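Peer 1: One letter stands for each residue in the lines below.
There are 2 protein chains.
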Amino acid sequence: MTPYEQLTERFRRIGLIGDTLGVLEWDTATMLPQGSAPVRGEQTATLSVLRHELLTHGDVGALLDAAGDGNGDHDAWTAANLREMRGAYARATAVPPDLVEAEARAVSACEMTWRTARAQDDFELLRPFLEEVLRLTRERGQAVGAALGLDPYDALLDEFEPGGRARRIDALFDDLAGFLPDFVAAALERQAARPAPVAPKGPFPLDRQRALGVRLMEVIGFDFTRGRLDVSAHPFCGGAAGDVRITTRYDEADFLSALMGVLHETGHAMYELGLPERWRHQPVGVARGMGVHESQSMIVELQVCRGREFMAFAAPLMRDAFDGRGPVWEAENLYRLATVVAPGFIRVDADEATYPAHVILRYRLERALVAGDLRLADLPGAWAEGMQDLLGLTPPDDRLGCLQDIHWPGGLWGYFPTYVLGAMTAAQLFDAATRADPGLRPAIARGDFLPLMRWLRANVHEKGSLLSSEELVTQATGRPLDPAVFEAHLKARYLD
Amino acid sequence: MTPYEQLTERFRRIGLIGDTLGVLEWDTATMLPQGSAPVRGEQTATLSVLRHELLTHGDVGALLDAAGDGNGDHDAWTAANLREMRGAYARATAVPPDLVEAEARAVSACEMTWRTARAQDDFELLRPFLEEVLRLTRERGQAVGAALGLDPYDALLDEFEPGGRARRIDALFDDLAGFLPDFVAAALERQAARPAPVAPKGPFPLDRQRALGVRLMEVIGFDFTRGRLDVSAHPFCGGAAGDVRITTRYDEADFLSALMGVLHETGHAMYELGLPERWRHQPVGVARGMGVHESQSMIVELQVCRGREFMAFAAPLMRDAFDGRGPVWEAENLYRLATVVAPGFIRVDADEATYPAHVILRYRLERALVAGDLRLADLPGAWAEGMQDLLGLTPPDDRLGCLQDIHWPGGLWGYFPTYVLGAMTAAQLFDAATRADPGLRPAIARGDFLPLMRWLRANVHEKGSLLSSEELVTQATGRPLDPAVFEAHLKARYLD
Chain B
51 MTPYEQLTER
61 FRRIGLIGDT
71 LGVLEWDTAT
81 MLPQGSAPVR
91 GEQTATLSVL
101 RHELLTHGDV
111 GALLDAAGDG
121 NGDHDAWTAA
131 NLREMRGAYA
141 RATAVPPDLV
151 EAEARAVSAC
161 EMTWRTARAQ
171 DDFELLRPFL
181 EEVLRLTRER
191 GQAVGAALGL
201 DPYDALLDEF
211 EPGGRARRID
221 ALFDDLAGFL
231 PDFVAAALER
241 QAARPAPVAP
251 KGPFPLDRQR
261 ALGVRLMEVI
271 GFDFTRGRLD
281 VSAHPFCGGA
291 AGDVRITTRY
301 DEADFLSALM
311 GVLHETGHAM
321 YELGLPERWR
331 HQPVGVARGM
341 GVHESQSMIV
351 ELQVCRGREF
361 MAFAAPLMRD
371 AFDGRGPVWE
381 AENLYRLATV
391 VAPGFIRVDA
401 DEATYPAHVI
411 LRYRLERALV
421 AGDLRLADLP
431 GAWAEGMQDL
441 LGLTPPDDRL
451 GCLQDIHWPG
461 GLWGYFPTYV
471 LGAMTAAQLF
481 DAATRADPGL
491 RPAIARGDFL
501 PLMRWLRANV
511 HEKGSLLSSE
521 ELVTQATGRP
531 LDPAVFEAHL
541 KARYLD
Chain D
51 MTPYEQLTER
61 FRRIGLIGDT
71 LGVLEWDTAT
81 MLPQGSAPVR
91 GEQTATLSVL
101 RHELLTHGDV
111 GALLDAAGDG
121 NGDHDAWTAA
131 NLREMRGAYA
141 RATAVPPDLV
151 EAEARAVSAC
161 EMTWRTARAQ
171 DDFELLRPFL
181 EEVLRLTRER
191 GQAVGAALGL
201 DPYDALLDEF
211 EPGGRARRID
221 ALFDDLAGFL
231 PDFVAAALER
241 QAARPAPVAP
251 KGPFPLDRQR
261 ALGVRLMEVI
271 GFDFTRGRLD
281 VSAHPFCGGA
291 AGDVRITTRY
301 DEADFLSALM
311 GVLHETGHAM
321 YELGLPERWR
331 HQPVGVARGM
341 GVHESQSMIV
351 ELQVCRGREF
361 MAFAAPLMRD
371 AFDGRGPVWE
381 AENLYRLATV
391 VAPGFIRVDA
401 DEATYPAHVI
411 LRYRLERALV
421 AGDLRLADLP
431 GAWAEGMQDL
441 LGLTPPDDRL
451 GCLQDIHWPG
461 GLWGYFPTYV
471 LGAMTAAQLF
481 DAATRADPGL
491 RPAIARGDFL
501 PLMRWLRANV
511 HEKGSLLSSE
521 ELVTQATGRP
531 LDPAVFEAHL
541 KARYLD
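The listed protein sequences derive, respectively, from chains B and D. The numbering used here applies: residue 51 is where the first sequence begins, and numbers increase by one. The numbering used here applies: residue 51 is where the second sequence begins, and numbers increase by one.
Hints are supplied without guarantee of correctness; some may be wrong.
With the Cβ distance kept under 7 Å, some of the chain B side facing chain D (calculated, not the full set) [said to hold, decoys possible]: (1) V89; (2) E92; (3) N509.
In silico negatives: residues of chain B with every beta carbon more than 12 Å from chain D [as the list claims (entries may be wrong)]: (4) W76; (5) T80; (6) M81; (7) M162; (8) A193; (9) L198; (10) L306; (11) F372; (12) D373; (13) V391; (14) A508; (15) E521; (16) E537.
Don't read these hints as lab results, they were simulated from the structure. Owing to the predicted nature of the structure, the values given are computational and were not obtained by experimental measurement. We put the beta carbon where it would ideally sit given N, CA and C, even for glycine.
Using the sequences plus the hints, can you model the full thing?
Peer 2: Okay, here's the thing in structure tokens:
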């Protein structure tokens, strides 16, 4: 076997262990008896360590050296696969094992404390634990950054958004931050001038909600012979390559929020199921970062399913699913209901129009914290100030402020910006798709997702990790990520 | 770390990979989307190979040499753990990798052909495939036998029944084979002299069957915070240490068979959940072979739940579960129904009294086939002859004869005898338990399983793999396995 062939064998193993971990994580969230959590923890720790050892073993470095630089010797996919292998190896070997362990311990303690601190609105309780997580995160950023030639924050970001750079995000987000306050005010004014949409009255039986979700997943093209829909406390898309499992959480009083969650996760799932099978279990065959992943869920949920065309198709199905009667079940009312703008304190409850402000705030704060330009003691104040600037709201306490998200206590620094990169990418991809195929929107109004999925498959899903996110967007839409496209979408939808 | 400590670390990993495989196998049988079977196959193959590599790696042999022989240096558990490690290592290294692979391929082809051959009643179609499996099985038996100092058949048997020897089983089964024909005739005569029991009329809704099963599992002591009950085509007890998952298959027309299946698997599960936690993931901490395992399911299902005391307790619960009325729901009728004797051709449908004959037949035939004393071409004839001798029945075709079981096509040679070893062990353990605690049977009549489970835990479950099966039975009951005890049980129940 050539060095490259040996590497593909090794990374295939690594990928399959990752898939196994994906199935176990799904099981933990959906099926695991509560008393079995400790043994599950031992199983996943063992597999994670095995995977890490397979990746960092000395022979991998030697094989990578021997495999050549991929220029000329290899086709583009093989060269990209080698590039991704090198990145994974460099990242995994950059962080000393004792730092990995210290972080795992610090994160575990911090997450636990965070639950109490949030419940009791006590930031000072959390602070020393978060300080330790931040310190170790910074250390990791420095170690990985040294290996990859990146700033510490870029090194952290790069894990979730390969190729993503803070300098570029600064520019995108500054543009958006300049646009949002006036836009939100205008959208609210526009909304106030119309009669408020009326929510259908429940209860909405869970089995009917599930059946409706399944029906619409099938409309989108989800293949139930290679995936599942189940229930978990926190909805997600997981499982393994070729076995993609999404979850939701039903509310008897409100079918629309669980349904939109199902459609969101279905967007993620279509991406996973559309990845190139020829490169399955290879680094180049996996999804291209969190920003692109989020764009796929947001195209389905935000661009399409909260849009007028889809609602025209889906409203009768919703009405029939719950034996509904009367004008509340008309498409226009349901569309208005799905696009209400309501500035608030909590990110996960935010609507499409105000959501970016929440993320920009967090991005700016975590940049400053990692760089040492902001002290944790000053975080609550900086948070309140940022909320006032961006959304005109001042949180009454830290529960509704800087204590609301688990990301930082959980060690996820550099993750937040991918949410808005995803929203911007979604708008730009959908814009390009509808330009490329004028029949795409009318098809959606008939419940035909084939034109959309055909375009996404060719331009996104089948690309795997061949391109950087920015290259992918540029190839698919003719230009790099452009805030003007996202802003135009928001104006078209909310200022119509 | 001492060599022994290094070994426990290694075997802990091996055990945890095995647990992961157990969860994946459960998922495959209960949750896996049908189109995802190929990727699941790749996941389990990768984990199996990793486990095999961890077990057969050269350093394991060196560590075992360095760890000493366990005499004097170690306490009994540690010495037994080393003994089990040595056995696992010797067995795993005895079989050359190309034989493992050839067997996997032959078994896969043979199982597939078996499905067709059975459906079409065509033994000749199966024969060349089975010939290949048998040839490779014999090779494996010789290789393992050479490593462990055993005859080929004993080497195969030893995998399922550690310490089991054909010479000993010959003696036990010859005794039983001498007893059975007259006993079955007498039981049938006795049965014919009484009015036949009447089966309650369905349909029995599946959710009520499930609720009744859960209720009775709780009565037995199954801990639902560390296990589950689900549905699969072929009922089993699986999952992982501390996360034990049983399955059943419901029939709307017949609640008793699924219920008895649930109780059977609950017996297996109580064993798994009762294994010594201190030795979890170590070779000495796992269940002691298939014979002992089967004894635990048979104590619960056959000794207890098909018995008069339990039926007195459970009959009202069964009646209430299905809103039943009338004399068919009386305990005596349900007891009679659960203990009907009806000689037939199919092993898996056989009752307690005729089941051993099916197993003895298969044991004798597989012994002769492995030894080369019987040619596969002569198997159908030998099968028919044996059925006539043991049960007075001649199968009309091979579907009802030698094509009925998947064991041989599946490479499971040396497995069959453990079913009857389990039945004999169950009778002898239950006999000893009721002698040790006269309150045990009256407790069961009140739905109190604590006395039984306390005894089983102390005498079986908590022993893990400390003792050989024969030692375990001897310590728990005061004598080695004795067919007279099993025969006395059968007479007491069926000739009363």
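Peer 1: Could you work out which earlier hints the structure fails to respect and list their numbers in ascending sequence?
Peer 2: 3, 4, 5 and 6
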